[in-house]
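*Asks:* Construct the complete structure from the given sequences, taking the supplied hints into account.
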Amino acid sequence: MRKTEGFTFQKIFPPPYKPSLTRPCPFRAYSFVPFSPLAMLDPTILTIGGIVLGIAIIERILERWGVIDLVDQFAKLMRLSCLLPSIAP
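Residue 67 in our numbering sits at position 67 of the sequence shown, with consecutive numbering throughout.
Calculated directly from the structure, the hints in this document are not laboratory data.
Remember, it's a predicted structure, so these values are computed and weren't measured experimentally.
Treat the hints loosely; a few may be bogus.
Calculated lysine to any residue pairs in the SDA-like style (CA-CA distance at most 20 angstroms, straight line) [as the list claims (entries may be wrong)]:
#1 Lys76 x Ile58
#2 Lys11 x Phe35
#3 Lys76 x Gly54
#4 Lys76 x Ile51
#5 Lys76 x Val52
#6 Lys76 x Ile48
*Replies:* Structure, rendered in structure tokens:
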């Protein structure tokens, strides 16, 4: 009967040589996309946001009044309006 010989992972694949760094290398991170918070005041973004917010408020009011059929119609309209920009090329 033959004797099985065991190998450790370190014996087969020795660890790679890594020189120790005395201090980490400093680096600066730059953003390639300039972004300003004032960009949110763009009329297009404000118009779309106002329409979405208005429809959401109308849905809440109609839900309190108990007109569930109209709430469902507004929900379908919101789903369609959110779906169209993702489809358009």
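*Asks:* Against this structure, judge whether each hint is valid.
*Replies:* A quick look at each hint next to the structure:
{"no.": "1", "hint": "Lys76 x Ile58", "result": "14 angstroms, holds"}
{"no.": "2", "hint": "Lys11 x Phe35", "result": "52 angstroms, violated"}
{"no.": "3", "hint": "Lys76 x Gly54", "result": "15 angstroms, holds"}
{"no.": "4", "hint": "Lys76 x Ile51", "result": "15 angstroms, holds"}
{"no.": "5", "hint": "Lys76 x Val52", "result": "13 angstroms, holds"}
{"no.": "6", "hint": "Lys76 x Ile48", "result": "17 angstroms, holds"}
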